[in-house]
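K.L.:
Spelled out from the first residue to the last, the chains are:
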Amino acid sequence: GAVVSQHPSRVICKSGTSVKIECRSLDFQATTMFWYRQFPKQSLMLMATSNEGSKATYEQGVEKDKFLINHASLTLSTLTVTSAHPEDSSFYICSAKPTPATRVGEQFFGPGTRLTVL
Amino acid sequence: EDKVVQSPLSLVVHEGDTVTLNCSYEVTNFRSLLWYKQEKKAPTFLFMLTSSGIEKKSGRLSSILDKKELSSILNITATQTGDSAIYLCAVEYGNKLVFGAGTILRVKS
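As they're listed, the protein sequences go chains A and B. Read in order, the letters of the first sequence are residues 3 to 120 in my numbering. Read in order, the letters of the second sequence are residues 66 to 174 in my numbering.
Accuracy of the hints is not assured; some may be wrong.
[Claimed, not checked] Here are the simulated lysine to any residue pairs, SDA-like style, with alpha carbons at most 20 angstroms apart:
| id | chain 1 | residue 1 | chain 2 | residue 2 |
| --- | --- | --- | --- | --- |
| 1 | B | Lys105 | A | Lys66 |
| 2 | B | Lys105 | A | Pro113 |
| 3 | A | Lys43 | B | Lys106 |
| 4 | A | Lys66 | A | Ser20 |
[Said to hold, decoys possible] Per the computed footprint, the stretches of chain B lying under chain A, defined by three or more beta-carbons under 8 angstroms from a beta-carbon of chain A, are:
| id | segment |
| --- | --- |
| 5 | 82-95 |
| 6 | 104-114 |
| 7 | 135-149 |
Since the hints were made in silico from the structure, they are not lab data. Positions of the beta carbon are idealized from the N, C-alpha and C atoms, including for glycine.
Isolated chain B, as found in the complex (with noise of 0.2 angstroms):
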């Protein structure tokens, strides 16, 4: 069965630490992984990562994949209390995406 797993389910940091999460996968037919952002509402969109060991980067986030040990890691620098949100990893494989369960990040001020 494919599936979709993140690390840790949830994470309480202060102000300006530097947290990791990750994404471990078992999918057949791999395209792609993302990694959304979600608030209250929608998930929106951080990154896309298809090939293994180049990281993207976007301000204080930053992520990269690693094919062989089917895995993935979103790193975030010097968080802020507006980085408090649900990180999702999901997978795209063949015409549609699979989440995972998400890892609920809180940082306190």
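Extracted from the complex, chain A is given alone in its bound form (with noise of 0.2 angstroms):
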């Protein structure tokens, strides 16, 4: 039980384009996902708190604009990368929180998304 998927796995795009990554809970549902974004050799990066139903909840730095969150039903919120620029190029890892857990160390991961950005 508790499995996320990500889709695609892997997607090169050219600069300007716009690319959307979907989060899927499989065997659970989830009114809280998370997206976060990884560098190579860095740790992962909190970028966004999705919620079903309302908007998500940006961190610091990051461009809501840009990157849009929506998070349209209980085991499926997507990600967004719009006017893509080689510098967006990144691992792109959601995890997704079960409902009605209380506690967000619950949270279990997708297999992220590599994005290239050309």
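Combine the two chains into a complex, taking the hints into account.
P.N.:
Below, the structure is given as structure tokens:
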């Protein structure tokens, strides 16, 4: 149980285009999902907290107009990188906190999406 | 500023060695400390520590939290090549996790 999937696993796009990444909780419901970014040899940096049915909460320094998050159902959150640039190239990982888990530490991670912007 | 610091940043050992990884933190409203193992993809959960001085153990891995020293250690005994990975420490505070930079462990056969 507690499987989180991400799609696509790898994407290469041209500069200026938009890319959508999906995060799904396969066997549980998740009111809250998290989006992280990881640069090579660096740690996971929380970008935003996605809440089903409401607006995402973005961390300081993360542009909400550039990284659009939609959490339309209890099993799906999407991250859209708009007008992508080479500096957006990174490993994007989502995680999902089962409902009704009370601890944010009880989150399960997806396999990640490798984004390369040419 | 809240932060989580791990040491060493990287480590190379031989099979059978014992390793100790360190994590120290400075966060407000601490709730728990977690250890993860990351190979090529997403982190996999190892331990969640909330109480000081109580060791958690899983096979050859064990971990303990020291709230007085604001730190935790992760021990791996009789290391195997399959233990090669990045080990991440994260601290839960409020409604999110803050991760350390990780320790890259390489176990040579």
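K.L.:
Are the hints correct? Go through all of them and say.
P.N.:
Hint check:
no., hint, verdict
1, B/Lys105 x A/Lys66, "violated (28 angstroms)"
2, B/Lys105 x A/Pro113, "holds (9 angstroms)"
3, A/Lys43 x B/Lys106, "holds (13 angstroms)"
4, A/Lys66 x A/Ser20, "holds (14 angstroms)"
5, 82-95, "violated (count 0)"
6, 104-114, "holds (count 6)"
7, 135-149, "violated (count 0)"
Violated hints, listed in ascending order, are 1, 5, 7; each of the other numbered hints is respected by the structure.
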